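Here is what each chain is made of, one letter per residue.
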Amino acid sequence: MKHQTFLWALLLGMASGLSAQAPGYLGKRFFVKPEFSSMFALSNPTADYVGSADPFALNVRYGLQLGYALSRRSALTVEASYMKTGMVMSAYTPSIQNNSSSDVHDLLYSLGGPEIGISLQTYNPLRGSIAPMGFFTAWRLRMAFLNGIVQEDRITYANGDASAGTRPLDINPSYNQLTLGVELGQNIVVADRLVLSISAEANIPPFNLSSDNSNYDSGDGQSVFDYVAADRMRWHSWFMVKIGAGYLF
Amino acid sequence: MKNIVQFITAILIVSALPLGAQESHQPLVATGKIPAEFITASKAKYSRAIKETSKSKKPRKEVKARNRFALESNFILDDLLRSGRVLFNDEVSTYLGEVATTLTTSKPLALKTPLRVYALRSSAVNAFATDRGEVFVTLGLLAQLENEAQLAYILAHELTHVEKKHALNFYLKADKLDKNDGRSVLGRTSSDDKLLEACAFSKEQENEADRIGLERILGTKYRTASLPVVFDVLQYSSLPFDDVPFDRSSLESEHYRIPDAYWLEQVKPIEGEADDKDDKHHSHPNLKSRREAMQTVLAKHADGPDKSDYLVSAERFVRVRSLARNELPLLYLHADRHAEAIYSASLLLHAHPNDFGLKKCIAKALYLHAKFRNDDDYRFDGDYKDIEGQSQQLFHLFEKMPATEAIVLALHYVWRLHRENPDDAELKIVTEDLFFELARAHDKLDAFSNDAPAVAEAAAPVADTAVSKPALSKYDRIRQQKTAEAAPGGARYWSHAFVGQLHDETFQQYWKAAEKRRDDYTKAAKYFDTPKGRRQFKRDRKDGLSLGIPKIAIVNPFYLKLDERKDQAVQHIETEDGQERFRSLIREVSAISGLKTTLLDVGTLKENDTETFNDIRFLNEWFAEQGRHFDLTLTPGTQQERINAIAKKYGTDYFLWTGVISLREKKGKDWLYIPASLLLFAPTLPLATYLAVKPKYEMLHYTMLYDVRTGRHQVLKFETFQHRDTDAMVKAHLYDAFVQIKRK
Numbered sequence: 001m002k003h004q005t006f007l008w009a010l011l012l013g014m015a016s017g018l019s020a021q022a023p024g025y026l027g028k029r030f031f032v033k034p035e036f037s038s039m040f041a042l043s044n045p046t047a048d049y050v051g052s053a054d055p056f057a058l059n060v061r062y063g064l065q066l067g068y069a070l071s072r073r074s075a076l077t078v079e080a081s082y083m084k085t086g087m088v089m090s091a092y093t094p095s096i097q098n099n100s101s102s103d104v105h106d107l108l109y110s111l112g113g114p115e116i117g118i119s120l121q122t123y124n125p126l127r128g129s130i131a132p133m134g135f136f137t138a139w140r141l142r143m144a145f146l147n148g149i150v151q152e153d154r155i156t157y158a159n160g161d162a163s164a165g166t167r168p169l170d171i172n173p174s175y176n177q178l179t180l181g182v183e184l185g186q187n188i189v190v191a192d193r194l195v196l197s198i199s200a201e202a203n204i205p206p207f208n209l210s211s212d213n214s215n216y217d218s219g220d221g222q223s224v225f226d227y228v229a230a231d232r233m234r235w236h237s238w239f240m241v242k243i244g245a246g247y248l249f
Numbered sequence: 001m002k003n004i005v006q007f008i009t010a011i012l013i014v015s016a017l018p019l020g021a022q023e024s025h026q027p028l029v030a031t032g033k034i035p036a037e038f039i040t041a042s043k044a045k046y047s048r049a050i051k052e053t054s055k056s057k058k059p060r061k062e063v064k065a066r067n068r069f070a071l072e073s074n075f076i077l078d079d080l081l082r083s084g085r086v087l088f089n090d091e092v093s094t095y096l097g098e099v100a101t102t103l104t105t106s107k108p109l110a111l112k113t114p115l116r117v118y119a120l121r122s123s124a125v126n127a128f129a130t131d132r133g134e135v136f137v138t139l140g141l142l143a144q145l146e147n148e149a150q151l152a153y154i155l156a157h158e159l160t161h162v163e164k165k166h167a168l169n170f171y172l173k174a175d176k177l178d179k180n181d182g183r184s185v186l187g188r189t190s191s192d193d194k195l196l197e198a199c200a201f202s203k204e205q206e207n208e209a210d211r212i213g214l215e216r217i218l219g220t221k222y223r224t225a226s227l228p229v230v231f232d233v234l235q236y237s238s239l240p241f242d243d244v245p246f247d248r249s250s251l252e253s254e255h256y257r258i259p260d261a262y263w264l265e266q267v268k269p270i271e272g273e274a275d276d277k278d279d280k281h282h283s284h285p286n287l288k289s290r291r292e293a294m295q296t297v298l299a300k301h302a303d304g305p306d307k308s309d310y311l312v313s314a315e316r317f318v319r320v321r322s323l324a325r326n327e328l329p330l331l332y333l334h335a336d337r338h339a340e341a342i343y344s345a346s347l348l349l350h351a352h353p354n355d356f357g358l359k360k361c362i363a364k365a366l367y368l369h370a371k372f373r374n375d376d377d378y379r380f381d382g383d384y385k386d387i388e389g390q391s392q393q394l395f396h397l398f399e400k401m402p403a404t405e406a407i408v409l410a411l412h413y414v415w416r417l418h419r420e421n422p423d424d425a426e427l428k429i430v431t432e433d434l435f436f437e438l439a440r441a442h443d444k445l446d447a448f449s450n451d452a453p454a455v456a457e458a459a460a461p462v463a464d465t466a467v468s469k470p471a472l473s474k475y476d477r478i479r480q481q482k483t484a485e486a487a488p489g490g491a492r493y494w495s496h497a498f499v500g501q502l503h504d505e506t507f508q509q510y511w512k513a514a515e516k517r518r519d520d521y522t523k524a525a526k527y528f529d530t531p532k533g534r535r536q537f538k539r540d541r542k543d544g545l546s547l548g549i550p551k552i553a554i555v556n557p558f559y560l561k562l563d564e565r566k567d568q569a570v571q572h573i574e575t576e577d578g579q580e581r582f583r584s585l586i587r588e589v590s591a592i593s594g595l596k597t598t599l600l601d602v603g604t605l606k607e608n609d610t611e612t613f614n615d616i617r618f619l620n621e622w623f624a625e626q627g628r629h630f631d632l633t634l635t636p637g638t639q640q641e642r643i644n645a646i647a648k649k650y651g652t653d654y655f656l657w658t659g660v661i662s663l664r665e666k667k668g669k670d671w672l673y674i675p676a677s678l679l680l681f682a683p684t685l686p687l688a689t690y691l692a693v694k695p696k697y698e699m700l701h702y703t704m705l706y707d708v709r710t711g712r713h714q715v716l717k718f719e720t721f722q723h724r725d726t727d728a729m730v731k732a733h734l735y736d737a738f739v740q741i742k743r744k
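If you read the sequences in order, they're chains P and H.
Per the working numbering, the very first residue in the first sequence carries number 1; after that it's consecutive.
Per the working numbering, the very first residue in the second sequence carries number 1; after that it's consecutive.
Just chain P, with the same shape it has in the complex (with noise of 0.2 Å):
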C-alpha cells in the first residue's frame, strides 16, 4: 500500500512538469489496460494441478496496468496482478509412534498471491513508436507476496500405521519475491482510444526477502518450501507471453 501511495504521488509529480514535452498518441497520455500472461507450464504443475501429463497446461497471471506516457520516448507503469501456480514438495514430519523415522509428506501447494510492480517502458520514435503507441522495451520490477495452501497431503507413513496421525508441518507457507523482469512488446492504438498489446516477457527472480535458502536442508520443511517456491516461481514466470486490451485517455 505504502509503495502504491508513492508511485502515484510520484506520477503526479512528474505530471505538471511535462507540458514541454510531446504528450502521448493525439495529447492522451494515460493508459489502463487488464493483461493476461501465459505460458506453458512444461511438465510443471499449475494451479489445477494438471501436472506434467498435459503439455498443454498453462501457467497465468492476470494483471491491471496503469501508465503514462511520459514523453515521446519514454512510459511510466504501475501493475497489481495476481499469479497462481501449483508446487509440489516433500516434507517430513517425526512419526508419532517413533520419533527415530519420519512420516513423509508428498505435498501439493496452491502457490498465489498479489503482486506490484512499476516498469519503465521505452519507445524508440525513430522506429515509428511514440510512447504509448508502438514497439516497446519495458523494464519492471516486480513484487509477489505469495501464500501456500496444501491442497493435497499424501502421508506416507513412517510404519505404514496411519492410526496414530502424523504431526503438523511446520512451515510457514508464505512466500516474497522481488523479481527483475525485461519485455518487449507492441502496443496497438485502435479508433483513437483502445489499446491492443501483445507482449513476451522473461523474468529473473534475484531476490527471495522471506526466507535464506541458501542453507536448503532437505531435511527442514520450510527450507524445502522456499527452496521449491522460489524455483517454482523461476519456472512460473521465466517467459510468459501477454495480451492485453485497455483504454487510453
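No lab work stands behind these hints: they were computed from the structure.
Small disclaimer: the values here were computed from a predicted structure and weren't measured.
Be aware that a few hints might be false.
To be verified - Computed from the model, here is a short list of chain H residues facing chain P with C-beta under 10 Å:
#1 Val-589
#2 His-629
#3 Phe-630
#4 Asp-653
#5 Trp-657
#6 Pro-683
#7 Thr-684
#8 Leu-687
#9 Thr-689
#10 Phe-721
#11 Met-729
#12 His-733
#13 Val-739
As the list claims (entries may be wrong) - Reference listing, derived: stretches of chain P covered by chain H, where coverage requires no fewer than 3 residues with Cβ under 8 Å from a Cβ of chain H:
#14 25-37
#15 128-134
Built from N, CA and C at the ideal position, the CB exists for glycine as well.
Once you have looked at the hints, place chain H on chain P.
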C-alpha cells in the same frame, strides 16, 4: 502573295516591340476555370472506361487487358494534369486548340469526348496524344517550329494517334506479347524478338499517323512546302532554338576578362541525330524514311496559290512561339541546366536587350552554377565534348573554370545587375548569398584589387656588359610575372572583377554581413562535429523540436500505396482513396493539436480555384528545387519573389510537405519461423506462427517544414517503419510533428 504579306506582317510585328521598355517575361500560368478533367477523381474516369469496355463483346482476356490499360493510363495521365506542368486556358493552349480546330472542321474526328489540346511546360521537343482525346505539345517543340503549318502537321499526326486509339492498341499488342501462352509460336520467342515485334508494331502506328496526318493537312489550306522541316526539328531537337555565337563580353567588363583558355577556338560542328540509323529496336521509324515517305506524297500535291502557312494567325504563331522561347530559360533554370538557361536567355536578349527578366535568369543560372560547383559532392553531368553548336562554349567554360572562379564570375555579373536594380528582392537575396560564398572562398578581400590592372611590360633583354642599360633583377621579373597574371586574361584575372567597387559602402556592407554569416556557419558546423554537438543532435532528433510556429500551410499531402506481390506495384485506386483519407486525417489532427493549417491540395480544388492551382504549382516547383539543392547552403528558389507573395497571401512563411508511402511486401522466407521455433524453443510456436502468417508492411513517412522565404528547413520526420499505415500510426506521427511545430 498572301504568304508574303503575312510574313512581312509577322516580321513587322516582332520588330515593333518596344525595345526601350523594361520588359520581363512572366512564367506562363493557367487561367480561367479549371477544366473538369483536372479535378475529377481518376477513379470515376476509370469506372466510366471499364463500363464502356464491358459493353463491348471482346474476349475476356482482352477485356481484362483493356481495363488494365484504363487503370494505368487514367491515373498516370491525371497525375500529369495535376502536376502543374500542363497549362489550360492560357494563350498558348488556346492557340493550339484553334489550330487543331482547323484540322477537324472539314474532317471531324470520330471521338466520344471532345478533343483537348494543352501546352506542356517542358523543354523537351515532343508532342503526344492519349486515347482520352488529349494532345500535349511541349513548349520546347513550339520554340523550334518555323510556322503554323508545321505545327498543324504535328497536331494532325497526334490526332491520328487519338482517333485510331494507337496507345490502347499498342498496349494490347505488348500485353499479348508479354503474356503469350507458350503453346503459340510466340511462346518460343526470345525477349529480343518480342521487343522487335513491339517496335515494328509501334513503327506501323507512327507511319500511319504520318500518312493520315499528312492526308488531313492536304485536306486543308495549309501550305505543305515547309512540312519536311518538321523532321529537321526532330533531327536537331537537342540543340537550342537558334545557333548564334555566344557573346562572351556579356559576362566580362573592362577589367574583368575571362582567359582565352576557357573559351573554345572552334565549337563542335552540328551533326544532329543520324537520320538513317537502324530503327529495328526503336519505336519510331528513322527520320530519313519518314522524310522520304512525306516527300513522295508531297511530290504529287503542289501547293496552290490559296495555300498558306497560317490559317489561324501569323501574329499569334509568332507570339506563341516567343512565349515558348521565353519560358525555356526558366524551365532550364528550374531543372538546374545552367549552361542551357544562360545560352537560351542570351539568344532572346538579341531581340530584347533590355529584358530584365532574361538578365536575371542569367544571373540566377551563374549563381546556381557557382553554388553547385562549390559543393563537395558536385559532379558535372555529361561531357562538353558531346555538345554541338555554339552553346558548347558555355559548357566548356563551366567545365574548365575552377570552383572559386565561378563564384567571382557569378558575383561580378550579379553585382552589376543588382546595382542597376537595387529594389529587386530576388537579386538582393542572390547577391547576399554570393557574397557569403565569396567569403567562404576568400578569407579577406585583399585577394582582389580595387585598381585597374597595370599593363605588363615586356621583359628587357639581358644586358651586355658593354651596353649602358641595366639588366632586370629577379624581383623585377617577379613583379612582371605577377602583373601579367593579374592582367585581363591572366592567371589572376579574377582579382580585378571588382575594380572600383571594393571601397563602395554597399559592397563593404554586403562583405561584412557575409563574413559574419560565414563565421557563424563555421562555428555551428564545428559544434555539431564535436561529440557534444553530435549528442545534442541525436537528442534533438529523439526528443523532438520546439519551433513555436502557430500557423502553417500544407502542400499537396502525398500518399502512395504499393504492393510488391502484384505485377503492377502501384495500387492506383487504393492510392487515390488513401490520399482522401490522408487529407481527412490531417484535418482531424490539426484540430486536435491546435495548429492552424491551410491545406493546399489539387485534389480538393473546384473549377474556380485556378489561382490556388497555380500557387500549388509554384510551391511544388520550389520544393523540388530545394530537394535538389538540399546539400547546398540555403538557396532561394528560381521564382522566389512569387513564393514570397504566396507566403504573404496565406499568412505564413512556413509550408509543410508531408507524405506516406505504404508498401505491402512479399512474405519471402517468413515461414521459416515455424520450424525454427519448433527446433529451438517450442513454446514460442504461437509467436512464430503469428510472424509467419502476419502480412509484411513497410511505411515511409516524411514531414518537411520549410520557411519558404529563407529556405531554412526542418526535417521533422523521414522514417521508415516496419508497420502498416493504420490511421492510428499516421495520426500519431502527424500529431507528433504538429506538436513539435506548435510548441515553444
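Task: Enumerated hints in conflict with the structure, sorted upward - done: 2, 3, 4, 5 and 9
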